[in-house]
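Peer 1: On the provided structure of chain A, position chain B as indicated by the hints.
Protein chains: 2
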Amino acid sequence: MSTDFFNTHQQMLEQAVAAASARGYWSPFSESPSPRAYGETANDDGRAAFEAYRGGDFPLRQDGAAGSVGGEVSPFGLELNIRYPQVPAQALIGQSEKALDSWREAGPRAWVGVALEILKRLNQRSFEMAYAVQHTTGQGFMMAFQAGGPHAQDRGVEAVAYAWQEMARIPELVSWEKPQGKQDPIKMQKQFTIIPRGVSLVIGCSTFPTWNAYPGLFASLATGNTLIVKPHPAAILPLAITVGIARDVLAEAGFDANVVQLAAHSASDDTAQALALSPAVKLIDFTGSSANGQWLEDHARQAQVYTEKAGVNQVIIDSVDDFKSVARNLAFSFALYSGQMCTAPQNVYIPRDGIRTAEGRLGFDEVAAGLALAIEKLTADPAKAVEVTGAIQNAATLRRIEEARALGLPVLSDSRSLAHPQFEGATVRTPLMLKADADNPAILREWFGPIVFVVATDSTGHSIELARQTVIDHGALSLSAYTTDEAVAGAVQKAAERAGVSLSLNLAGPVFVNQTAAFSDFHGTGANPAANASLSDSAYVANRYRVVQTRWHA
Amino acid sequence: MSTDFFNTHQQMLEQAVAAASARGYWSPFSESPSPRAYGETANDDGRAAFEAYRGGDFPLRQDGAAGSVGGEVSPFGLELNIRYPQVPAQALIGQSEKALDSWREAGPRAWVGVALEILKRLNQRSFEMAYAVQHTTGQGFMMAFQAGGPHAQDRGVEAVAYAWQEMARIPELVSWEKPQGKQDPIKMQKQFTIIPRGVSLVIGCSTFPTWNAYPGLFASLATGNTLIVKPHPAAILPLAITVGIARDVLAEAGFDANVVQLAAHSASDDTAQALALSPAVKLIDFTGSSANGQWLEDHARQAQVYTEKAGVNQVIIDSVDDFKSVARNLAFSFALYSGQMCTAPQNVYIPRDGIRTAEGRLGFDEVAAGLALAIEKLTADPAKAVEVTGAIQNAATLRRIEEARALGLPVLSDSRSLAHPQFEGATVRTPLMLKADADNPAILREWFGPIVFVVATDSTGHSIELARQTVIDHGALSLSAYTTDEAVAGAVQKAAERAGVSLSLNLAGPVFVNQTAAFSDFHGTGANPAANASLSDSAYVANRYRVVQTRWHA
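Those sequence lines, one after another, are chains A and B.
Residue numbering for the first sequence follows the UniProt record's numbering, starting at 1 and increasing by one per position.
Residue numbering for the second sequence follows the UniProt record's numbering, starting at 1 and increasing by one per position.
Source of the hints: derived by calculation from the structure; they are not laboratory data.
Warning: the hint list may mix true and false statements.
Given that identical chains are not distinguished, each listed pair holds provided it fits within a single copy or across any two copies.
Listed next, the in silico DSSO-like pairs over lysine-lysine satisfying Cα-Cα at most 30 Å (straight line) [as the list claims (entries may be wrong)]:
| # | residue 1 | residue 2 |
| --- | --- | --- |
| 1 | 384 | 98 |
| 2 | 324 | 182 |
| 3 | 182 | 377 |
| 4 | 324 | 120 |
| 5 | 182 | 120 |
| 6 | 120 | 178 |
| 7 | 494 | 324 |
| 8 | 178 | 98 |
| 9 | 324 | 377 |
| 10 | 182 | 282 |
| 11 | 187 | 384 |
| 12 | 435 | 494 |
| 13 | 324 | 435 |
| 14 | 377 | 435 |
| 15 | 384 | 324 |
| 16 | 182 | 98 |
| 17 | 282 | 120 |
| 18 | 494 | 282 |
| 19 | 494 | 178 |
| 20 | 282 | 187 |
| 21 | 377 | 187 |
| 22 | 384 | 182 |
| 23 | 98 | 282 |
| 24 | 187 | 324 |
Since the structure is predicted, the reported quantities are computational estimates derived from the model, not experimental observations.
Chain A on its own, in the form it takes in the complex (with noise of 0.2 Å):
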């Protein structure tokens, strides 16, 4: 049965193996939220799903659950009231081994049709999934719809199509032959066979609980491995939904629901560190704090951990045609998700005696005040700018802005609160754009949140040259650039290619540094310490699981 779903899948899976190699634009999905692509009612049944569940019990059966456990709170201030059955980490990873038993025997054909046919349905409820992430993550609803729902699937399925093309190669029988010159040649039969690594632990973040779980967790599903998916306390919802739906699907295909278990907990608790310290767990994906990661890396020892932590993205401003457009296109990068996204820009890099422009010079004071006002025009419609915004996911990002408001650094842009047009509760801030020296320690940490810093530097070889150590000391998930010098940009590059770090040159459009594709943009580049891995690659799936293989005469 469960192979049914890889004959059902082969297709898709082809043509993600394809597009990983291209590189090329590619996806399985739609990120329209339209009725064409989703049917006239997937809108309101997806909110009447989501609807169903505030205020009640999330309808997860798993075994072993002793008592329940909630408290997730909107960033718009929609009421929630969900609880989740909470089970033992103990009972967890005893169940994970139980099902692991068979599940393993089941092979690479039947491990990815049930993670693809996971994906499927997914796709299908991602208007459900679009409001579970807005109400947790305080995404606007495009965003949640599009990064919680077809591009999270995108990154599941790129993680499944890497896991596949590297199995795939393992052949199961052989026939080996070695000649011996006039004697009969020696004959062997060779059978290889694909064994999982055990339970893999996947460990959720509260800004994009799925974009950010999917790669790990259909990355070990798909080698074998059962799963315990551990979603951070305040964005529990979506990750549950996932469960849930895995759970359906591998109870069709004969399996045991318990390959894919929920352990939803309280901040208070110790969940996360008895499920990464068990013996049984071989495989940690983990995308959060470095405190934690670091944590993670340093007594998870029995475990492979795939971390991705904090970091400090910069952009270097050199020299540009249009500075509106450039200005444009950085305000939406810094006010997008109030900067709560992993890439969003942190670090503005502006020579102090100016750059140049299609229209002559413009001063360090020009252009860090060209910045602030096109974040003034972005955000001067509350209707308009929330939907770009969202809300503050936590009291530790609003506490954020107040701390960095008193470092006494120049205000170029103050955060200012807006109001919700359809949430009256919501928390919603502009950017805090302030002035730096480029010797100030403060540019060196991330300030996760809506802040933005733009630096005075002595020239774009210092701008260069500091991008450069702070991605090697910080680490960094985007570096941005903006030159219309052509020994400019291949010096970034260059510097950009020793630290590790993707490089986006001359944004001025409708594409933004913080956007990664699937099957085109790796995200992470698993060089610097903002992240020991990349999403996706063959190194990330390849050690997920391993070969045993058994030789007898032929």
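Peer 2: Using the frame of chain A, we list chain B on its own:
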């Protein structure tokens, strides 16, 4: 110029990539030391080259050398007295980082071309290498030729093939075009650059200095990293020859010869630790003791560490067709290079009530006596025996034989000294075979050398469970089983797959459990404590480089 090397070897590379997928028999090199394959004067030339090294300074010019070091002792008693340039760890690191600066720019075709040219030249000097390996490791000449020469080179080519296969799927430049309904599509150009990790340290062992070093060495070189090759102080010559050839090829191709450096050092200094802990060292490949391997994994946290450590290899005898051929096969595996192979069998599990054979039941004592008799026969003629056993590499292994004798267990076959007809000073020993109970803790550790325990178990089921748990707890590189019962074969295979160890079934002819063939057999699974990686697979190469992308509007 370097690209020429790629063109020169492209056909072999493509054959190697195909062979690694098909996993049938293939090798680009002749394993026979015949004049037809290597030329009429190859043996004489090789011997002469080896003789010329004795009693002098090895002709390797390395920058930053501060004195010389040596002290290798031939296990066959030949005087060596070869001196090698000694370069302080900090100088090696500095020179490697400097060489990396240009080597990284050369790109995959140049890296792969240079690697394959080095391997081709190594092959041409296989006789010289055979003498070098023989007189450092104690291997018999035929094994020294094959395992030190063509088979090691095979493993090198295999690693390069995997590296190329993974790197080749990363496109250099692509157009990305995202449809926008009725509007013009968004068009981006994206460039992908493969970047090396940094400085790669290869730590060689004293028994297979080339075979165990080449996979990591060539995997790292072919992915753009620079190499520091640290030989075991007892087996420097084979890797010194290797490094010399590598530096010649690099210089001819116009690269900094310091892309590959030799770190010869004395056993008493801390060169290995100093190199392993350098922040510049990002990759470490190690073969050796569990203690040293574990130290590297625990302390060299800045690097990815690939280790092959100790294990307990096991044989399960359940039932056989022809016991004599089984005993002959096993006796050869026990005696081959005096058990100084990471794949050599150590524990033989036989049910207390004996085994079934085609000619009726054989009691435990009869089976044990039969194995002992096969050893006696194999070693009866010293002139023939020494070609199989070679010599004992070091005094610790000799002491281990005495330590095993001192366990006080019943001796089934005692270890005898054999006179070597050619080398008076050779230390040659036959295998020591002891009888042990299944609950004797002595059988749960590796007894590296010609030491075998014949273990009485309650049943074949007990044998399988003992083998399975021992692999999980203590690691293993090989498991061998003899059974004429399909259900038992299935149960052993399941246990092997759960424990993560390669299985050989019913080897009773010219294939031995100790041997693995490149392009077909994975060496190590990476799934049990004996090794954290497999030679070679995608996981072994894919994380030795990263990809940095640059994108811009088309």
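Peer 1: Check the structure against each numbered hint from earlier and tell me which ones fail, lowest number first.
Peer 2: 1, 4, 8, 10, 16 and 20
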